Amino acid sequence: MLDRIVGAKKVDANGHLPMDADLITDSTQLASRASAWEAVQAARNIKRPHTLDVITRVFDRFQELHGDRGFRDDPAIVGGLAELDGRPVVVVGEQKGASTEENIQRNFGMPHPEGYRKAIRLYRLAEKFHLPLITFVDTPGAYPGPEGEERGQAEAIAKAIFTMARLETPIVVVILGEGGSGGALALAIGDVVLALQNAIYSVISPEGSAAILWRSPAEAERAAKAMRLAGPDLLDLGVVDALIPEPAGGAHTDHEATAKSVKTALVAQLAKLERVAVADLLSSRYERFRAFGTITEPGAVVAPPPARPWWRRLPKMPGRDQK
Amino acid sequence: MPFGRKPKEFPDHLWTKCPNCGEMLFNKQLARNHNVCTKCEHHFRLGARERIELLVDKGTFAEQDAGLSSGDPLTFTDSKPYPERVSAAQAKSGEKDAAIAGSAQIGGNPAELVVMDFEFMGGSMGSVVGEKITRAAERALALRHALVVVSASGGARMQEGTIALMQMGKIVSALARLDEAGVPFVSVITDPTTGGVLASYASLGDLIVAEPGALIRFSGERVTSGTVGEKLPVGFGRSEFLLEKGFLDQIVPRAQLRDRIAFFLTAFRAASQDMRWSL
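Protein chains in written order, with my numbering: chain A, 15 to 337; chain B, 321 to 599.
The hints are simulated quantities; they were obtained by calculation from the structure and are not laboratory data. It is possible that some hints are incorrect.
[To be verified] DSBU-like, lysine-lysine: derived pairs with alpha carbons at most 35 Å apart: (1) B/K378 to B/K337; (2) A/K239 to B/K337; (3) B/K565 to B/K359; (4) A/K239 to B/K378; (5) B/K359 to B/K337; (6) B/K412 to B/K337; (7) A/K274 to A/K61; (8) A/K142 to B/K565; (9) A/K239 to A/K277.
In this text the structure is predicted, and so the values were computed from the model without any measurement.
This is chain B alone, in the form it adopts within the complex:
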């Protein structure tokens, strides 16, 4: 091949290099394995639609509140106005905001499911995410179905200011009602989950499980190491660290996630229907 650039052996649109083991992974094969490295089981991030397909019983997902789109409470502008940012993210992703909600069956158990998508503005939580999770919790309460929320978020959406902060209060208030009513809430934490999302609903599950190797921290790396002026140890703020410190029930590999959640929901449902315990 005397002229021109040598064709890439592994073009990006066909192959992905695993950041953990360096293995070159054929994209189609990676997708078939739900974005988990076939060699070292490194968990890549997974989009919300793919996640839903992975978690629910086939054909049972009925999306709710799909039309919700964000307003602009502060008329916020940084380098461009907030509504333009939202429109750009919507055009890029085809989604309205950073969470998709719906009703579904998981292993035969009825559940209200909300899945966050980190690809949409860093999975940030603003009015729409707050409203979708709150409505899902209210549906779960009315129907006495379990609530399952899969988090992937950088935290509250700065462009919505204190209104984004208030979403934490709003969602948690709805979760507190669920708790009182004895309706189960399972929080699934995926890479990355930080800030106001972790400091509200993601930390309040009756059960909290995380995927392997997920970054789970209250503060961003720069904030933490800036405060203490030193490098943090490897693995700090990852799932395995949180499990060791006692803040997770389990680390569940993606391939087992649906069956595990189904087991939990079945167990809770069986107990709630067993009248011996309520006498």
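Chain A on its own, in the form it takes in the complex:
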């Protein structure tokens, strides 16, 4: 019905939108899967393109906007107005440093509550002026220190998730490097969630998990594998909709090529999302997150999951289509 209204679905012979062709949407499509621990190391590589590296290459006329209007400007979260292919958008991302010195200034990409409150302010700005929102996730986690606790780290994250859930504008999330738990989720509620091929996303760091479950941080490698936090796993679990391919050798070897892939993906996703009525976006965003969970319920009639709306239907692998 919606398709007829917008008359948008120019699908190819496989029933897919050709604009998504560059994305990896099926883990079997990958020639080789990096081990979980390799992915963790790639995602944390200090030379990996960080949010501002990507923003400056993907967008034109980026104007950074500072501050939460309440306490201070958190350097671990950056955001502002920019143009994507001539289209104004709001961009928000977590910012790590490329050197020890910069990492100290950026707090290693671990935002304080005021960082999340700045993000919320920019989300609302996007909504108010009907600008699409693009977020970049790259954090080991929200800052766990006492200052964060005092200023309401948990409340700030909860409010950020809450704000994104009903934000009346299209949202595309890109996980660039590390997606560390709640501190990542505060930027990661979207209509489409993408990740770079070697990005990771987890509920707790592998070291943290190893310390609790194996009682030894040295078991981080085992924990990383068990937690299924690497890109292909996230795709299998449905946590991300598609992976953005990285250059051979990894994103850190070629920032330009990585940014180009990110830009192609963003342009394609926004072109689709902008044709969808906001009310439909909100209900499909709700259904996207509503569907997560594995439960057994005796006597329950298992309803099939609702069909994905066309803007979330991504092309399958050619190999699989031929079967």
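Dock chain B against the given chain A, drawing on the hints supplied.
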């Protein structure tokens, strides 16, 4: 008594020592006082079933979604497989997972109630907790009944990985709909509530109240003091600290909790039925 060990004066199954004032408390008396020390009012943890009995009008609780049990999204194994861990916790507690949900009346106000139990795998939030709270929020929205969630949790359940993390997004999305519809949500925080539970629904109540002395923090003690490399001040991250910092509406002693929630719900209901304000 010449031979053998001297019998314990206070056997564990009969007596509990209050960690706050040192008073020896007779277990039956402690239970009758809803696990609050009769001398210093130290609040011990309270199981979910006892909590429900404390909060709802007698005989009005109708449990919902009682059969929900967790799957194993990651086929996760640490020292033993996750399903075995769940089974062991189920056998020990007699409950299916770390939350009990139902419909009830609180002081005559219809409400959807979810109560978490810290005894079940540290009250961790996985698919079942996420589903129960989301369904309760959806029922609350459909019926326009208030939602009350009592939290007690270490955070997201590690064994369910990102699927546990996604429960935060799922529950909060349902709460955002409630908020838009003007249906009240009262969050009650009890000892201990940390991590992903605090960083999602527990912090999003229209009203947020906590029990006295409850540990309420985003990060665990070891993480925080490891980061700053120093000991934290006494009382850091307890209810009283959060009240002072402005993140709680009130600290409510257990004995007054039901009446207080009933008062809030009655007030919200009265206002929503008073047409003068919607003109």
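To test your reading of the hints: which numbers does this structure violate? Failing hints, ascending: 2 and 4.
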